[in-house]
Amino acid sequence: MMIQAFHLTKIHSSGVKVLDDAYFSAPAGSFVAVLGESRTGKSTFLRMLGGEEKPTSGVLRVDHLEIASLSSIEKNRWLSEVGMIFSDLNLFPDKTIQENIAFILQVKGAAGEGQDQAIEKLLVKAGLGAKTKSKPADLSSGEQRMVLALRAMIFRPRLLLADDPFQGLDEKTSSVLFKLLFELNKSGSTIILTTQQMSFWGEAKRMAGESPIQWVKLDQGKFIPLEVKTE
Amino acid sequence: MNFISRFFFVLKEGVLQLFRTRGLSMAVIVIVAATLLQISLFLGISRVLDRALGTAREKFEMAVFFTPLADATDRKRVLGILSSDARVASVKIITKEEALDEFRKDPEIDRMLQALGENPLTDSLSVVLRNDATENLDSLVDKLKMDPKVEDVNYGKNEWETVSNLTRVVRWVGFLLGGFVFLTALFIVSNTLSIALWARREDMVLLSRMGAPTWMRWGPYLWEGIFQGLLGSLIVVAFLVAVRRGAAVALQKYGGFDVLLTLPAAEWWRLFFTLVLLGMILGALGAFLALQKKWVKELQ
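Protein chains in written order, with our numbering: chain D, 38 to 268; chain F, 4 to 303.
Some hints could be false.
Unchecked claim - Here are some, though not all, of the chain F residues that point toward chain D, as calculated from beta-carbon distances under 10 Å: (1) 5; (2) 6; (3) 8; (4) 23; (5) 205; (6) 210; (7) 211; (8) 214; (9) 215; (10) 216; (11) 217.
Calculated directly from the structure, the hints in this document are not laboratory data. These numbers come from a predicted model, not from an experiment. From the three backbone atoms N, C-alpha and C, an ideal C-beta is built for every residue, glycine too.
Using the sequences and the hints, build the whole thing.
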């Protein structure tokens with residue numbers, strides 16, 4: 038999915054301007070990492086892409102579709118192709134980990150035969166093979182965040198919005214998640230990821246290897262390209 | 004295939020929802036059962052009255068009395084009028100001698116007739132009417148009364164109208180009371196279900212943010228309401244089955260009241276089906292109204 042933003046401005050109801058006449062562009066199938074301090078508007082930008090918030094002014098388009106003007110039916114259709122890793126997008130407490138992940142396949146209309154094996158395989162890959170029948174409360178916060186990420190990736194969304202997905206994860210789990218994100222990206226998904234951990238930049242560059250990542254810094258309401266790795 | 008899979012998924016979530024909020028589910032089931040029990044009483048009374056009216060209709064007869072001067076030609080003429088009328092099922096001539104014999108079966112009347120010395124009765128016609136003709140007889144009666152050799156026509160018009168009007172009133176009162184009870188229950192059920200919704204408001208928000216279509220977000224709660232209505236109605240049906248088997252016999256034995264026993268099985272099944280349907284409608288409507296609340300819509 039191609040993402041374009043022109044003259045994008047967002048002023049919160051508190052009066053704080055987090056995006057100020059910003060420009061942003063990400064070609065279809067790209068992997069964009071948005072870096073920035075806290076409260077700089079990274080999450081707000083992702084929420085706008087997810088249709089949860091509207092820009093104060095300007096245009097935000099995904100595949101020539103203006104997100105802010107979608108009807109509720111169009112929004113649902115649009116969301117059926119979007120995966121979200123938001124910290125407040127909780128797991129269902131009364132469902133097992135397996136059921137939580139299977140649930141999203143039903144919601145997105147992507148359920149099918151062999152889904153249980155696919156989920157189990159993914160959980161094993163993420164190091165959570167022994168937790169398939171556990172409830173979210175039995176998992177550590179890091180494991181819960183990992184499940185949130187797996188839930189957002191399982192249906193191979195055309196666009197994945199990940200809000201600080203590595204927060205609270207140890208190095209090993211972060212590395213696994215990174216690999217999964219790259220796999221998803223290689224299969225054609227566009228990924229927009231935010232993080233406030235500046236240390237992540239160097240670590241990510243090391244892990245990304247050959248994978249092209251578009252690095253952007255969100256500072257004072259504007260997106261500033263940092264580096265484009267092309268080799 | 005995908006739609007069917009999602010449909011069954013929503014159905015399964017509805018069943019799970021029933022157990023997740025089991026305390027509230029129990030409350031709704033009891034409310035539905037209490038409501039349907041009252042409605043079944045109204046329906047039952049209305050049905051028993053209908054049957055009583057129907058039985059009365061089947062036995063409904065008209066008597067046409069001739070003047071003492073009427074001869075065989077007159078009887079034949081009036082007989083012809085009646086035989087050609089579509090409202091008449093059959094006609095039988097009762098001679099004054101036959102009528103006298105019938106009266107004499109009562110010893111007191113017999114003594115009075117002996118004292119009189121002669122037969123004061125006249126020939127008459129006993130007319131059996133069709134079931135559907137009972138409320139539309141005035142024109143036939145007027146026609147018969149215009150005949151100079153017909154003295155009187157008796158068909159118990161007032162009694163019939165009284166029974167018919169009473170049945171109508173009882174049915175309307177039952178309908179209004181039943182409707183009132185249903186609406187009250189609907190109000191309570193929808194508010195109880197909205198408490199269940201409040202308990203799961205975070206799930207509603209999650210589903211909405213995940214892009215679940217409306218029918219997937221609402222489906223589990225609608226199914227929950229339908230299941231609660233179904234369970235409530237099944238309790239009432241089980242109770243009525245027990246009443247049919249046990250209480251009906253006791254009523255006949257100790258009170259001589261056999262209405263419940265004479266009600267055919269088909270009538271009972273119709274009543275059970277109506278109650279189950281009403282229960283499911285009550286549950287579904289209650290859930291639908293709960294989902295229409297402003298704060299629920301704001302979650303989505």
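Hint compliance check: list the failing hint numbers for this structure, sorted ascending.
none
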